[in-house]
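Visitor: Build the full structure now, drawing on both the sequences and the hints.
Residues per chain are reported as follows:
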Amino acid sequence: IMLTQSPATLSVTPGESISLSCRASQSISTNLHWYQQKPNESPRVLIKYASQSISGIPSRFSGSGSGTDFTLNINRVEPEDFSVYYCQQSNSWPWTFGGGTKLELK
Amino acid sequence: QVQLKESGPGLVQPSQTLSLTCTVSGFSLTSYSVHWVRQHSGKSLEWMGRMWSDGDTSYNSAFTSRLSISRDTSKSQVFLKMNSLQTEDTGTYYCARGDGYTDYWGQGVMVTVSS
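Protein chains in written order, with my numbering: chain A, 1 to 106; chain B, 1 to 115.
Mixed in with the good hints, there may be bad ones.
[As the list claims (entries may be wrong)] Below, a list of computed lysine-lysine pairs in the DSSO-like style, where the Cα atoms sit at most 27 Å apart:
| id | chain 1 | residue 1 | chain 2 | residue 2 |
| --- | --- | --- | --- | --- |
| 1 | B | 5 | B | 81 |
| 2 | B | 75 | B | 43 |
| 3 | A | 102 | A | 38 |
| 4 | A | 38 | A | 106 |
| 5 | A | 106 | B | 5 |
| 6 | A | 38 | B | 75 |
| 7 | B | 5 | B | 75 |
| 8 | A | 38 | B | 5 |
| 9 | B | 43 | B | 5 |
| 10 | A | 102 | B | 81 |
The hints are simulated quantities; they were obtained by calculation from the structure and are not laboratory data.
Guide: This is the structure we're talking about:
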């Protein structure tokens, strides 16, 4: 299953609210998870199963979607949010990741 | 607390075999799956394979013919062996815990394939 993320790069200023997209090549129900990766760090899960929150993750991160179209929302971007975001599907083997969206400072 | 740590050689010669170890703590390998994920520099993540909690394994078909994952539950270790390495196998290799999604990751080990 291929996951296509858009945009590849998003330039924003702190305080803006944004949406990142992830589209699957076939229906994956809600078996879609979002990760954040900062430079020289391991990925960190932000949202599980499309919309379920993760303990310890700020509430400004939220997810939605099902089937083939998914969205990660960040309400009022903070300076520490500038990093790369990946979606990942666990609906079928092999698990796959999207190509990533880089969130950069405008 | 839950921790995973990868170890292995930083440099491997082309055509040789890569052997990595993921040592875990804070949970049992008989309760959670452990995955191996690779990342080329500046690129996205590539799922390689999985050690299930029951000892079964699953592999990405892109690696099946040359990848093997095993474990030693008494030592809380999961092993990756991949043969016939090429320069394209250069990257950072992570182990991660999870069923459905991965909730804990190791710090990663950088592997360079070069003569």
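Visitor: Now, for every hint given, state plainly whether the structure supports it.
Guide: Against the structure, the hints come out as follows:
1. B:5 <-> B:81: holds, 16 Å
2. B:75 <-> B:43: violated, 33 Å
3. A:102 <-> A:38: holds, 10 Å
4. A:38 <-> A:106: OK: residue 38 (chain A) and residue 106 (chain A) at ~17 Å, within 27 Å.
5. A:106 <-> B:5: violated, 36 Å
6. A:38 <-> B:75: Answer violated: residue 38 (chain A) to residue 75 (chain B) is near 31 Å, above 27 Å.
7. B:5 <-> B:75: holds, 13 Å
8. A:38 <-> B:5: Holds, at about 18 Å.
9. B:43 <-> B:5: holds, 22 Å
10. A:102 <-> B:81: Since the Cα atoms of residue 102 (chain A) and residue 81 (chain B) sit roughly 32 Å apart, the hinted pair is violated (cutoff 27 Å).
Hint violations for this structure: numbers 2, 5, 6, 10, all remaining hints satisfied.
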